[in-house]
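Student: Everything in the sequence shown is counted per my numbering, starting at 1280 for the first residue and increasing by one.
Please note that a few of the clues may not be correct.
Ranges of calculated distance between the beta carbons of each label pair, as one might list FRET restraints [what the hints assert, rightly or not]:
1. 1341 - 1364: 11 to 21 Å
2. 1354 - 1426: 41 to 51 Å
3. 1382 - 1435: 20 to 30 Å
4. 1286 - 1367: 17 to 27 Å
5. 1389 - 1417: 12 to 22 Å
6. 1326 - 1427: 20 to 30 Å
7. 1323 - 1374: 48 to 58 Å
8. 1354 - 1427: 46 to 56 Å
9. 1309 - 1404: 39 to 49 Å
10. 1368 - 1389: 22 to 32 Å
The calculated SDA-like cross-link candidates involving lysine to any residue, where the alpha carbons are at most 20 Å apart (straight line), are [what the hints assert, rightly or not]:
11. 1367 - 1383
12. 1399 - 1409
13. 1351 - 1365
14. 1356 - 1311
15. 1327 - 1383
16. 1413 - 1392
17. 1327 - 1313
18. 1414 - 1383
19. 1399 - 1421
20. 1356 - 1339
21. 1355 - 1425
22. 1361 - 1327
23. 1286 - 1305
24. 1356 - 1427
25. 1356 - 1314
26. 1356 - 1316
27. 1316 - 1295
28. 1368 - 1392
29. 1327 - 1317
30. 1355 - 1330
31. 1398 - 1382
32. 1414 - 1382
33. 1413 - 1434
34. 1351 - 1361
35. 1399 - 1372
36. 1377 - 1353
If you are wondering where the hints come from, they were derived from the structure by calculation, not from laboratory data. We treat Cβ as the ideally placed atom computed from N, Cα and C, and that holds for glycine.
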Amino acid sequence: MKQASQKSYTIDEALQKLMHFCAYRDRSQKEVEDKLKQMRMIPEAQEKIIINLMQEGFLNEERFARSFVRGKFRIKKWGRIKITQELKKREISSPIIKLGLSEIEEPVYRQTLYEIAEKKCALIKETNSFKKKKKLSDHLIRRGYEPQLVFDCTNDLID
């Protein structure tokens, strides 16, 4: 049985490929490093390519964090805790995570929490108000919202 051979790339070819990869959407440095490892580039070449991508503006951790936060909050309606966890998985530093989270305006954040809570509350078929609050709270905490905000929200919605 013949083994499939993996294409080898020159630094310039890899750089071009990674420029397209980063131009498609913002990427974290970890995603780029993983792609370079997948391309079997040696560590010295990886470093050179990453530096070049940063200098050319294709790779920017702060821009990535900000667009990630905007997307996950607006589209998936995740809370700050879940967004922070996902950014940490992508090895984004705490100061940059903080900058990214600044994209979420507090009034919009609270309004979104209440909208999600009202929708979910209408779907919960529980008559016992304690159990209904518990189910609603669990749902909102899984979405990544802060327990204190969730507590306030569920107390406002369920008597």
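Student: If a hint holds in the structure, say so; if it doesn't, say that too.
Tutor: To see whether the hints hold, each was checked on the structure:
| no. | hint | in the structure |
| --- | --- | --- |
| 1 | 1341 - 1364: 11 to 21 Å | 19 Å, holds |
| 2 | 1354 - 1426: 41 to 51 Å | 24 Å, violated |
| 3 | 1382 - 1435: 20 to 30 Å | 26 Å, holds |
| 4 | 1286 - 1367: 17 to 27 Å | 33 Å, violated |
| 5 | 1389 - 1417: 12 to 22 Å | 19 Å, holds |
| 6 | 1326 - 1427: 20 to 30 Å | 43 Å, violated |
| 7 | 1323 - 1374: 48 to 58 Å | 28 Å, violated |
| 8 | 1354 - 1427: 46 to 56 Å | 25 Å, violated |
| 9 | 1309 - 1404: 39 to 49 Å | 42 Å, holds |
| 10 | 1368 - 1389: 22 to 32 Å | 26 Å, holds |
| 11 | 1367 - 1383 | 18 Å, holds |
| 12 | 1399 - 1409 | 15 Å, holds |
| 13 | 1351 - 1365 | 10 Å, holds |
| 14 | 1356 - 1311 | 26 Å, violated |
| 15 | 1327 - 1383 | 34 Å, violated |
| 16 | 1413 - 1392 | 16 Å, holds |
| 17 | 1327 - 1313 | 15 Å, holds |
| 18 | 1414 - 1383 | 26 Å, violated |
| 19 | 1399 - 1421 | 13 Å, holds |
| 20 | 1356 - 1339 | 24 Å, violated |
| 21 | 1355 - 1425 | 16 Å, holds |
| 22 | 1361 - 1327 | 33 Å, violated |
| 23 | 1286 - 1305 | 25 Å, violated |
| 24 | 1356 - 1427 | 18 Å, holds |
| 25 | 1356 - 1314 | 28 Å, violated |
| 26 | 1356 - 1316 | 33 Å, violated |
| 27 | 1316 - 1295 | 16 Å, holds |
| 28 | 1368 - 1392 | 24 Å, violated |
| 29 | 1327 - 1317 | 16 Å, holds |
| 30 | 1355 - 1330 | 32 Å, violated |
| 31 | 1398 - 1382 | 24 Å, violated |
| 32 | 1414 - 1382 | 29 Å, violated |
| 33 | 1413 - 1434 | 11 Å, holds |
| 34 | 1351 - 1361 | 9 Å, holds |
| 35 | 1399 - 1372 | 33 Å, violated |
| 36 | 1377 - 1353 | 17 Å, holds |
Violation of the numbered hints given earlier is confined to hints 2, 4, 6, 7, 8, 14, 15, 18, 20, 22, 23, 25, 26, 28, 30, 31, 32 and 35; the remaining hints are satisfied by the structure.
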